[in-house]
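We have chain A already, so just place chain B on it with the hints.
One line per chain: the protein sequences are A and B, in this order.
Residue 1 is where the first sequence starts when you use the numbering used here, and the numbers rise one by one after that.
Residue 1 is where the second sequence starts when you use the numbering used here, and the numbers rise one by one after that.
Wrong hints could be hidden among the right ones.
Where chains are identical, the list cannot tell them apart; a pair therefore holds if satisfied intra-copy or between any two copies.
Unchecked claim - Calculated pairs, SDA-like style, for lysine to any residue (alpha carbon to alpha carbon, straight line, at most 25 angstroms):
1. Lys-253 with Glu-88
2. Lys-185 with Asn-434
3. Lys-175 with Ala-362
4. Lys-426 with Ala-438
5. Lys-92 with Asp-330
6. Lys-21 with His-61
Derived from the structure by calculation, the hints contain no laboratory data.
Protein chains: 2
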Amino acid sequence: MALRVYNTLTRKKERFVPREKGRVFFYVCGPTVYDSAHIGHGMSYVAFDAIRRYLEYRGYHVRHVQNFTDVEDKIIRRAAEQGMPWRELTAKYIHEFLAEMDELNVQRAHLYPFASQEIDHIVRLIQGLIEKGNAYPLDGDVYFRVKSDARYGQLSHRNLEDMQAGARVEIDERKEHPMDFALWKSAKQGEPSWDSPWGPGRPGWHIECSAMSLRYLGEQIDIHGGGRDLIFPHHENEIAQSECFTTQHPFVKYWLHNGLLQLGGEKMSKSTGNLITLREVLDTYGADAFRFFVLSSHYRRPLTFTEDSLQAATKGAERLRSAMRPARLDYDPDVDATLLLQQMETTQSQFEEAMDDDFNTAQALATLFDLVRAINQARDDGLGGEAFLQAQGTVLALSRVLGFRLAPRPAQSSLGASPFIEILVKLRRELRDNKQWALADQVRDALAGQGVTLEDSPEGTSWHTK
Amino acid sequence: MALRVYNTLTRKKERFVPREKGRVFFYVCGPTVYDSAHIGHGMSYVAFDAIRRYLEYRGYHVRHVQNFTDVEDKIIRRAAEQGMPWRELTAKYIHEFLAEMDELNVQRAHLYPFASQEIDHIVRLIQGLIEKGNAYPLDGDVYFRVKSDARYGQLSHRNLEDMQAGARVEIDERKEHPMDFALWKSAKQGEPSWDSPWGPGRPGWHIECSAMSLRYLGEQIDIHGGGRDLIFPHHENEIAQSECFTTQHPFVKYWLHNGLLQLGGEKMSKSTGNLITLREVLDTYGADAFRFFVLSSHYRRPLTFTEDSLQAATKGAERLRSAMRPARLDYDPDVDATLLLQQMETTQSQFEEAMDDDFNTAQALATLFDLVRAINQARDDGLGGEAFLQAQGTVLALSRVLGFRLAPRPAQSSLGASPFIEILVKLRRELRDNKQWALADQVRDALAGQGVTLEDSPEGTSWHTK
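With the rest of the complex left out, here is chain A (with noise of 0.2 angstroms):
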């Protein structure tokens, strides 16, 4: 079998065949850090997860580019807005970032570009689309010159016409064509800046992802990956700069695309306030509920959080870690073992089957719960020994390759510490001030014997642990 991947550059489902043998040159779309991690994000990278999982299962050696977009308007305004240096800020949800990425099981990147520190690079590929006839500068600005690149529109398949009909563009006078879209902002009064052949400025969005695949992979790389969101006019414009810069073309060979989360209904957006943080998430159902509640979807389709399919992801998260519960002691050697040899066989194929259908993995689980559930009916049936274990290691590792811990829940058990804590910091403040001594010194004493010590001062009482 091989495997097929829906490509959104030619709408088809295409057989996957690499630019080199055996390795894959990958890259995904990264946040935009200025905010927590929603759960929209924890979507997006958990598909793209099992995808670079399944590829690694395959044998390819997958090399794994995703950047950091640190500097933005978004981040601009925000870190304004908390009185906070940007740099700050970004570094603060990078580190945030990628702690719920190691949480989620998301196997990290093997390099995070940050667009601050690519400058240098991005200001040459600039001068080269200026060079190449395929930008201009303008007062400070650079654009990029939209019909100087005759595929413009390739991805999104939609000619300059439909999209400015589609568009809410501003109208800008100066631009050479509405569609122009911006390589090279001038600096303003107290944004971060760099020198540049055009004055102090800051790179655009779209330009740091081509300069970052063609620094990092290569001219022409084999699966670019984001949200469908990211179609346009953040891919399209990729493309255009990078297959301007380099006169190749495809700048990528499959690009592949997430369909979007919703909650109950409604698009997720940071815009109307209707967003739930991934951290959020992770507390409340842990990594693998989450986990399967994306994967029980084609990651093409759009996805619609509600209570009621995470509770019903958590049940399945825990169906399948139910095929580990051990066999009987009191097992039966006669039992025939022959139907569940048989059901692993046809699950290990079926997995791959569906997988190889363009990284089918609902489908993929699907079959995974047909060998649970003959596992389980093997185990009520007295059914122990080799078989059963080997049923049970290919239940793992196929779930390991979709990127389950099948660990139970430790969060379940135990509550943090740090909220009573605070009861009780907050308790002693009051005891203080109705200058109930005793009572006072017991609590700090009650929390000094739990190793937490306090510090009073007169902003107020911090605490801390050994």
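Using the frame of chain A, we list chain B on its own:
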């Protein structure tokens, strides 16, 4: 660079060239399951886990088979002592073993054949040996005829005379040669037994590994692993059985043996009661610390278990983790990352050099530590951003090749809530005794806000969580 492995058979480090390009057929002797695993088991399986992981990192498809000896004198004795059916006793310890290996992050074998479930294949192998003149039945037993194998002694590098002088062989006048060993043992009263051409009985210990290796990996395999104590007689006998049956030489291309674990200078042994269970060590130090202890010495060396060495290993594992602490939020993008990136590349190549040199994990850890030091220094120097993440990613990736999880131990990082809830419950009672109803209710409400409900009764107050 080529991978070189020390081969007990040739007493040389040899270039590793598997029989089939890209594939490694890998057999590791599994435990006799009559008791909980001890740290000696942990050491051996961690060592071979690191070996398998490195082979996979090198791009080999490893097929790993590991037996469970679930029919054996010690099992029969222990089951009788405990008044438990032998199958239940072994099932219990098999499940315990796998759970502990999972906790240790030892990858599961692809197949775990049980001696008791391979009897047909064992009998067929013994029959073949009799037909070829390499074995003879004797009063319901069957013995291997060591004189029939001109190569006998090839692994332990001894001849029959040396062996006899060295071993305390029970004199059994019926046997043709004192070193002839049992392939089949006739049934004694109350022992598990199976029918055979020689009457009811059970397999000897050595024959099962030959039968399983031949059945599941083929007539000639690449690597066979186990502890040094298995070289003679177990592995010597396995070679004799397998090569005489198939007439193929060598049965195993590379024989790898780990040094033994000693307790404070003494060899750990069940007969002297000198034992520490793996469970105890996992509970006290955690999986990463124990793994560090094992891998900080070369697998062929003997290893001494002391409290101090485990304390040091705990620090070592923490050291590795320390590299993963985030950069400062106010990192300085102008700090030069050249040295860090150089160290990253040096470590990457030195790591491979070390592991290519007969899996020198101690050396691999040393070069990883150089990178950890460079990362921690860079963090102190204000470095952050993409180079920092890249260096951290290298530590993470190489640590995982060695099987470390690098996750903080949950017990150490998070304080449990219970002691603080207890303090609050007690305090509320005192407030009520002092008739400070408002404050007492405030405590109750604050607890309720954290999902903790109180129940007052004449015996006192109990609390529970949702």
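Against the structure, the hints:
{"no.": "1", "hint": "Lys-253 with Glu-88", "verdict": "neither (36 angstroms within a copy, 56 angstroms between copies)"}
{"no.": "2", "hint": "Lys-185 with Asn-434", "verdict": "neither (59 angstroms within a copy, 68 angstroms between copies)"}
{"no.": "3", "hint": "Lys-175 with Ala-362", "verdict": "neither (47 angstroms within a copy, 63 angstroms between copies)"}
{"no.": "4", "hint": "Lys-426 with Ala-438", "verdict": "both (16 angstroms within a copy, 14 angstroms between copies)"}
{"no.": "5", "hint": "Lys-92 with Asp-330", "verdict": "between (54 angstroms within a copy, 9 angstroms between copies)"}
{"no.": "6", "hint": "Lys-21 with His-61", "verdict": "both (10 angstroms within a copy, 17 angstroms between copies)"}
Of the numbered hints stated above, those contradicted by the structure are hints 1, 2, 3, listed in ascending order.
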